[in-house]
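Visitor: Fit chain A to the supplied structure of chain L, relying on the hints for placement.
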Amino acid sequence: MGAIVWFMVLAGAALIPVSASPQQVSPASVDPPAWRGFNQRVQQYLVLRKALPQQRTTKRQEEIIDRRRALAQAIRESRAEAKQGDIFTPEISEQFLKVIRSAFQGSNASNVRRTIRQGEPVPSLHLTVNGAYPQHLPLTTVPPTLLLRLPQLPERLAYRIVGHDFVLQDTEARLVIDYISGALP
Amino acid sequence: MRLMRRLTFLLAVVLSPQTLSLRAQDLTLPVKSDSVRFAAIGDMGTGEPAQYEVAQRMLQLHQKFPFTFVIMLGDNIYGGNNPGDFEKKFELPYKPLLDAGVQFYAALGNHDDTNERFYKFFNMDGQQYYSFKKGNVRFFALDSNYLDPKQLSWLERELAKGGTDWKICYFHHPLYSSGSFHGSSTELRAVLEPVFLKYGVQVVFAGHDHVYERVKPQKGIYYFTEGASGELRAGNLKKTDLTAAGYDKDRSFLSVEISGDDLYFQAISRTGLTVDSGNIRRQGAIQSSVPQTSAVSP
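Protein chains in written order, with the numbering used here: chain L, 1 to 185; chain A, 1 to 298.
One or more of the hints may lead you astray.
Computed list of lysine to any residue pairs in SDA-like fashion (alpha-carbon distance at most 20 Å, straight line) [unchecked claim]:
#1 L/98 - L/79
#2 L/59 - A/123
#3 A/161 - A/193
#4 L/59 - A/95
Treat the hints as calculated values from the structure; they're not laboratory data.
This one's a predicted model, so the numbers in the text were calculated from it and none came from an experiment.
So that you can see chain A by itself, here it is in the shape it has in the complex:
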């Protein structure tokens, strides 16, 4: 049974038109020495062929842009209660990346079982929220399903330790979103945004809306939604005053490189199209410059 499942999905990847017509990847990231390199995926854990195709595209990128880890923005394993779900919806699609030593750091989404935190490959160490450091960047993975005072207090303590590092938060529900299915999580924003501002969080990643969107800086903070790395709500991005760039025609993932005070990003579709790219320059603890970017229309 397990063999059949493996074969089914490997065939789905091998035979898909997108895989047969691989496009040259136009890398916009500088691939500087000693930079922090990672990818961001959200709402990916469907186990459907599209997830595998995005994973293949990530693998292609990895050959030119050897990112060392992936942040997962929630809905990592849809319906993950049955044996085989983790294999079909995580281990198989990302096997080549896992084999290459790429680490995955998960945040929980509303479709995730909280017991995912005990799954070693998600690097959560049994915690629903946690932080880790890579180079000069501190990451804070939050559980936006359940933002209680204990978690808020923990976040403040951890952010206060951040010093001059970049501070990047990620979680499932977007504080700002032009996705028409969910939209902005205003309650979470009321609680989290003051903390982000106080401690100089520069960049926030979220999922939940099954589109890609980069939001214009809000009070100096850059917000990205990447909720289309497996699921997709085509046409669901209703461009608003918030939208700096977006894409809702196909699945996508984000790749990010941080070198010194510069953060470079490139959003790539399932078929290899660069749908957004640019650079954010950090100027002090909170301020950032207007990014130099290019994007396709949503």
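If we strip away everything but chain L, and leave its shape as in the complex, we get:
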């Protein structure tokens, strides 16, 4: 198991799609150069993000909220022209769709659906790039067997599932960075 996990980490770092039981994704079904393009765009986002205020540990909730708002505003201003598809380009969206849809087929599909159901999913909401991730929205667990097969994200970014949409979220700013509409069946 340890070796498998280490392999997955190394593969993720190299942005090679990772396969894992119980349902394998055929390496031929994904296109590594496309993942690399995705990674470059994520890195570009992080470069922009580095210059902005960060959260830090505090006893005061107000500080956490104020920093989140300031960070969100700074990100919006820094990428004011951002639009859907900038990071999830049509090409990379196809790769994500391939992996996501394969997770919903085959022997593990019922477990994947069950995981999402258990996360108290909400009906699709209207998302916008640079928009706030909806407040009070429970986090739908992203099925771990799906995460094993997608490019790993650096700290402060996470994949989220909102209704049928697949979202790239800035977790500290609680912002939607990009999304793929209707990615989940």
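Guide: Frame of chain L; chain A shown alone:
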């Protein structure tokens, strides 16, 4: 406004029937010297009177069983985006415990803002998952909302450092649960259970289902669900072959003591009823004995 909020909730605690009719607490924990003592609460952060009443019961227990820390199993602050939420849903209900020096170690639930990790009182140090050691026990707080390869790899590395210590994992979504609203998180189980077995995790705590349940040992690992320390789904525990003991009639919390190779547990309801108790004896890295227990019916 803040004063009004404080008064409202303090009055709710002071005037509640349960508080007026305090029951003697029948402590089943041995309170041995040099033991590791803690409480476990889950799905508590509602800010409603029931949460305050459970907190009062914890304070009562603390007087007889001076636990030094509390593990939080997620859904620590429901809807925690507004100023005052942390105060109403954490600082006020647990103020006497905080004042007594009790520390809280949080795991994130699906209703938590991930920025809770920056809240100093949750001792997460900005991390979504982390570990800490108390006496001969290592605790691993995981983020079961987002179990990516990076977190799995970290967990393996940390567990490998565990040596002969007790290894206790806790997180929000239960790998085994007879709660009919959510039930077992089978996907998480497929990924986590092999790691737990490999590194000799003995005990796992989770929440999410708003009931209390102790599961029969699964492959030698003891699983507890405590998701009713604020929220409650009364009648939601459908006893299955998994269930060793459970309680879904009222809110509850768990208290735990570890001394040497023995782990003692006592689950206590909001009204002071002991709903489950027992002892798990550790025999080697993975094996444990059948616990000596007593419980009320779910």
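Visitor: List in ascending order the numbers of the hints, as given earlier, that are violated by the structure.
Guide: 1
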